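With the hints as constraints, model all of the structure from the sequences given.
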Amino acid sequence: MRLIIMLILFYVGFRIVQGFLKKKQEEKPTIPAPEKEETFQDPVCGVYVTEDDAVIGRHEGKRIHFCSMACLEKYQAGLEHAGTTHNQSNPEERK
1 MRLIIMLILF YVGFRIVQGF LKKKQEEKPT IPAPEKEETF QDPVCGVYVT EDDAVIGRHE
61 GKRIHFCSMA CLEKYQAGLE HAGTTHNQSN PEERK
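Following the numbering used here, the numbering of the sequence shown begins with 1 at its first residue and continues without gaps.
Hints are computed from structural coordinates only; laboratory data are not their basis. As the structure is a prediction and not an experimental result, all values here were calculated from the model. None of the hints are false.
Have a look at the derived ranges for each label pair, beta carbon to beta carbon:
hint, residue 1, residue 2, range
1, Asp53, Leu79, 20 to 28 Å
2, Ile16, Val47, 53 to 61 Å
3, Lys23, Asp52, 41 to 49 Å
4, Pro34, Gly78, 34 to 42 Å
5, Ile56, Gly19, 53 to 61 Å
6, Ile56, Val17, 56 to 64 Å
7, Ile56, Phe20, 49 to 57 Å
Every residue gets a Cβ at the ideal spot worked out from N, C-alpha and C, and that includes glycine.
Below, the structure written as structure tokens:
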């Protein structure tokens with residue numbers, strides 16, 4: 001008889017402790033996932049860069065994102081070699 005009472009008390013105690021642990025887990029604040037930054041692929045080398053890290057050039061009115069000035073210059077040289085007129089004044093560099 002004592003064994004049955006001890007088992008019942010153990011079970012009740014276990015359920016109480018389990019209930020407290022669940023409440024503590026629910027109270028923990030969740031950290032929101034970081035927002036994903038838009039990335040752009042460098043047309044010369046294929047590296048992906050963010051807006052903040054990109055060297056930005058223009059061609060036919062469109063903004064083109066490069067990983068470095070070297071890639072921008074290679075792109076410009078390719079356009080000149082192909083005989084394409086391009087609208088490239090001063091690149092906007094954000095680094």
